[in-house]
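Listed in order, the protein sequences are those of chains A and B.
Going by our numbering, the first sequence opens with residue 1, and the numbers climb by one from there.
Going by our numbering, the second sequence opens with residue 1, and the numbers climb by one from there.
Hints are computed from structural coordinates only; laboratory data are not their basis.
As the structure is a prediction and not an experimental result, all values here were calculated from the model.
Hints may contain errors.
To be verified - Using C-beta positions, here's what the derived DEER-type ranges look like:
#1 A:LEU230 x B:PRO29: 38 to 46 Å
#2 B:GLU145 x A:HIS36: 24 to 32 Å
#3 A:HIS36 x B:GLY131: 28 to 36 Å
#4 B:LYS50 x A:ASP231: 42 to 50 Å
#5 A:PRO374 x B:LYS160: 27 to 35 Å
#6 A:LEU322 x B:PRO81: 33 to 41 Å
#7 B:PHE14 x A:ARG195: 52 to 60 Å
#8 B:LYS160 x A:ASP293: 49 to 57 Å
#9 B:ILE162 x A:ASN31: 20 to 28 Å
#10 B:GLU98 x A:PRO374: 26 to 34 Å
Claimed, not checked - With the Cβ distance kept under 10 Å, some of the chain A side facing chain B (calculated, not the full set):
#11 LYS8
#12 HIS65
#13 ARG86
#14 PRO114
#15 ASN235
#16 LEU248
#17 LYS297
#18 ALA330
#19 PHE346
#20 SER371
Claimed, not checked - Beyond 10 Å from chain B on every Cβ pair, some chain A residues (computed):
#21 HIS36
#22 PRO262
#23 ASP384
For each residue, glycine too, the CB sits at the ideal point set by N, CA and C.
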Amino acid sequence: MSTITISKYNEALDRYNKKIADASVEDMVLNMGPQHPSTHGVLRLELITDGEIVKEVIPHIGYLHRCFEKHAESLTYQQTIPFTDRMDYLASMNNSHAWVMGVERMLGIDKDIPKRIEYIRVLVCELNRIASHLIAIGTYGIDIGAFTPFLWCFTDREHIMGMLEWASGSRMLYNYIWVGGLFYDLPVGFEERCREFVDYFKPKMVELNQLLTNNQIFISRTANVGVLPLDVAINYGCSGPVLRGSGLKYDLRRIDNYSAYPELDFDIPVGKGEMGTVGDCWDRYKVRVDEIDQSLKMIEQCLDRLQKELKRTPEFDPRAKLPRKITPKAQDYYMRAEGAKGELGFYFIADGRSEVPFRAKARGPSFNNLSVLPAISKNVMIADLIAIVGSIDFVLGEVDR
Amino acid sequence: MSFDDIKLLLTNKFGESVITGEERTGMQPALLIDPDRIAEVCLELRDNPKTYFDFLSCLTGVDYGIDSGRFGVVYHLSSIPYHLQLTLKVSKENNRNEEELPSFPSVTSVYRTADWHEREAYDLIGIFFEGHPDLRRILLPDDWEGYPLRKDYKTAEYYKGIKID
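Assemble the whole structure, with the sequences as input and the hints as a guide.
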């Protein structure tokens with residue numbers, strides 16, 4: 001066993017240990033997590049508290065580290081897709097979509113993907129985004145103390161899980177989007193069932209808004225709490241609903257115009273400070289609610305096209321364009337896409353000889369969104385910290401990878 | 001602003017020596033920057049009204065393999081106002097001795113995103129960042145030995161005297 005005694009590399013750890021030891025004298029050091037219902041997974045927040053006031057938050061992550069990058073560097077591009085599913089496990093489709101698009105672009109086959117496949121990909125991704133946002137909204141209600149919305153959201157999410165299970169064979173971790181195509185075509189009758197779901201779900205959203213979004217207790221708990229100014233959000237690399245909640249119209253689906261998104265009509269909801277300040281918890285929550293409406297709009301447009309000009313034909317084979325061997329030529333490429341939580345990036349280095357990436361780095365949106373937590377929760381009440389943590393909506397699978 | 005304009009902007013400001021090379025083979029061209037000056041380059045790119053690279057998308061530590069003996073860091077910048085993307089790369093030779101980690105200036109003072117990303121690069125690849133405010137391991141436990149994403153990493157057989165099967 002080697003003992004590295006070079007102080008330079010241990011300086012930060014010593015400093016941290018001393019800080020905690022010093023804080024324990026005057027203030028109280030409180031551990032929230034790793035097993036805590038409102039940290040949404042195995043996250044440990046070390047709080048330095050003075051009574052009810054949180055003076056500082058130190059997040060400790062890594063409890064769910066599953067060596068995604070190490071796995072990706074020893075498996076082929078196709079074999080890594082199931083591992084990407086396990087990053088943001090609430091929106092698996094979005095993860096594999098980003099990974100697959102990156103590989104396709106490196107191979108130069110991204111322009112040859114049939115339109116029907118692109119539309120199916122967008123359809124399942126948007127369904128999955130709704131499922132992810134429903135969890136965010138439902139569990140946020142629970143954090144604040146409203147139990148009913150949680151049950152409502154999970155009931156509705158169950159319909160989406162059922163549909164995606166019908167298409168791919170599994171409930172959460174689909175492995176449905178493949179490089180160059182899809183696992184299977186949509187099952188016969190999927191489009192009709194999906195349309196039924198959209199019609200059923202729209203009034204449900206109205207009900208949910210009446211119950212939670214405009215609920216005075218909920219507004220009092222979230223408005224003007226955890227205000228994230230736009231410049232801080234950008235500097236910390238926040239993206240997705242967290243960045244848009246701070247009032248910036250920035251959505252990679254529009255900016256990068258990938259897949260079938262340029263042909264779809266949708267708006268980008270942003271936080272407006274309706275109930276308090278721009279960038280508070282309520283704004284971040286509201287952006288997710290509005291995004292569900294936009295996703296429904298996109299799903300309807302996809303269904304229109306999938307049922308008319310891109311109709312299923314008996315000879316259509318979603319695996320027709322699958323490359324036999326995936327060996328991109330030597331290059332590096334950074335692929336970014338809008339996942340359910342924000343900018344999801346994959347950085348590949350291909351050496352041009354092997355089927356295995358030389359280096360693969362995943363940039364999880366939750367990782368960056370969570371890093372802003374210490375900055376916006378200085379001198380808040382412990383109860384407000386719960387509201388802030390819930391409003392960021394991170395998934396630990398993606399933070400720790 | 002094109003890739004060449006950005007290159008010109010940097011050479012005008014810092015002189016020819018700041019850019020040590022460029023890669024144009026792939027779909028995303030990259031500038032190779034003098035490792036010691038990466039922080040000032042980032043600051044200039046962030047604050048210059050012609051570029052406004054205000055968003056650090058991704059920061060990756062790379063071990064370029066045992067043969068080349070090089071370690072590097074790749075920065076993916078993105079400009080929200082101009083919808084631009086830019087890749088910067090720095091790299092250094094290193095003898096893989098764990099008591100002399102490859103060391104680069106930290107860009108945390110420019111982008112706070114780099115805080116956790118640099119901790120991750122330190123944790124998994126063993127790259128030291130000078131001037132980082134809190135360079136502790138982030139994903140692995142504090143007492144972990146070695147840097148798992150290095151190409152010469154050997155999986156440990158024992159963890160604190162307990163055999164790993």
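- Query: Out of the numbered hints, which ones does the structure contradict?
  - Reply: Violated hints (numbers, rising): 1, 4, 13, 14 and 17; every other hint is consistent with the structure.
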